[in-house]
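Heads up: take any position in the sequence shown, counting from 1, add 3, and you land on this note's numbering.
Treat the hints loosely; a few may be bogus.
Below, a list of computed lysine to aspartate or glutamate pairs in the EDC-like style, where the Cα atoms sit at most 20 Å apart [stated by the list, open to error]:
1. Lys57 with Asp138
2. Lys100 with Glu119
3. Lys62 with Glu72
4. Lys60 with Asp144
5. Lys69 with Asp138
6. Lys60 with Asp138
7. Lys69 with Asp84
8. Lys98 with Asp37
9. Lys83 with Asp138
10. Lys98 with Glu110
11. Lys83 with Glu94
12. Lys60 with Glu72
13. Lys62 with Asp138
14. Lys57 with Asp144
15. Lys57 with Asp70
16. Lys62 with Asp144
To be clear, the hints were calculated from the coordinates, so they are not data collected in a lab. Quick caveat, the model's predicted, so the values are computed rather than measured.
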Amino acid sequence: MAKQEKNKISQRELARRAKQSGKVDLENNGGWDDLNNLYLECSALSLSPVGVSKLLKDKNALATVKDTEALKSAASVLAKDVASFNSQLTEIYNKHKARTGNAGPEELLVVLSLGEEYHNWLTNYQQVVLPVIADITALFDTSSVDNTEPTPDNKETSH
Numbered sequence: 004m005a006k007q008e009k010n011k012i013s014q015r016e017l018a019r020r021a022k023q024s025g026k027v028d029l030e031n032n033g034g035w036d037d038l039n040n041l042y043l044e045c046s047a048l049s050l051s052p053v054g055v056s057k058l059l060k061d062k063n064a065l066a067t068v069k070d071t072e073a074l075k076s077a078a079s080v081l082a083k084d085v086a087s088f089n090s091q092l093t094e095i096y097n098k099h100k101a102r103t104g105n106a107g108p109e110e111l112l113v114v115l116s117l118g119e120e121y122h123n124w125l126t127n128y129q130q131v132v133l134p135v136i137a138d139i140t141a142l143f144d145t146s147s148v149d150n151t152e153p154t155p156d157n158k159e160t161s162h
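Turn these sequences into a full structure, and let the hints guide you.
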């Protein structure tokens, strides 16, 4: 009990010193808002497979693929990975979705822990999903696909 009280005093003293020095503002830390912003940034990154999805539905683009078995395999891996990462991201978000604003001093460790979970998710997503997207994209010979939509400048006219 005395040791626990000493830790509380130490934490209070550290907070007081930090506040006086101007280095850390524990009262206006924006902890929950920062986590919500991290979630939004991760969610935006999780949309990166959309471009590949469009390629996989484009008959003209699919006609340029020489190794269709590799494409099927990579697309299957991508679908499983994306589902897993989306599930993980939702699990992290569910731990704080009802929270906004500043985190109290007793909540800062929770905020830091969740921030670390987002960091790990982001790092793993970049190491796992983005290379698969690059591999799939490399299987397409997009230089021979005309994805331009007709505009007044490039519309064919009959004379």
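Consistency of the hints with the structure:
1. Lys57 with Asp138: With Cα atoms ~15 Å apart, Lys57 and Asp138 stay inside 20 Å; holds.
2. Lys100 with Glu119: Answer holds: Lys100 to Glu119 is near 16 Å, not above 20 Å.
3. Lys62 with Glu72: Holds. Lys62 to Glu72 sits at ~16 Å (cutoff 20 Å).
4. Lys60 with Asp144: Satisfied, since the Cα-Cα distance of roughly 15 Å is no more than 20 Å.
5. Lys69 with Asp138: The given pair, whose Cα atoms are some 13 Å apart, holds under the 20 Å limit.
6. Lys60 with Asp138: holds, 17 Å
7. Lys69 with Asp84: violated, 24 Å
8. Lys98 with Asp37: holds, 14 Å
9. Lys83 with Asp138: With a Cα-Cα distance of about 15 Å, the restraint between Lys83 and Asp138 holds, given a limit of 20 Å.
10. Lys98 with Glu110: holds, 12 Å
11. Lys83 with Glu94: Roughly 17 Å between the alpha carbons, so the hint for Lys83 and Glu94 holds.
12. Lys60 with Glu72: holds, 16 Å
13. Lys62 with Asp138: holds, 19 Å
14. Lys57 with Asp144: Judged against 20 Å, a Cα distance of about 15 Å means the pair holds.
15. Lys57 with Asp70: holds, 18 Å
16. Lys62 with Asp144: holds, 13 Å
Violated hint: 7 only; the structure is consistent with all others.
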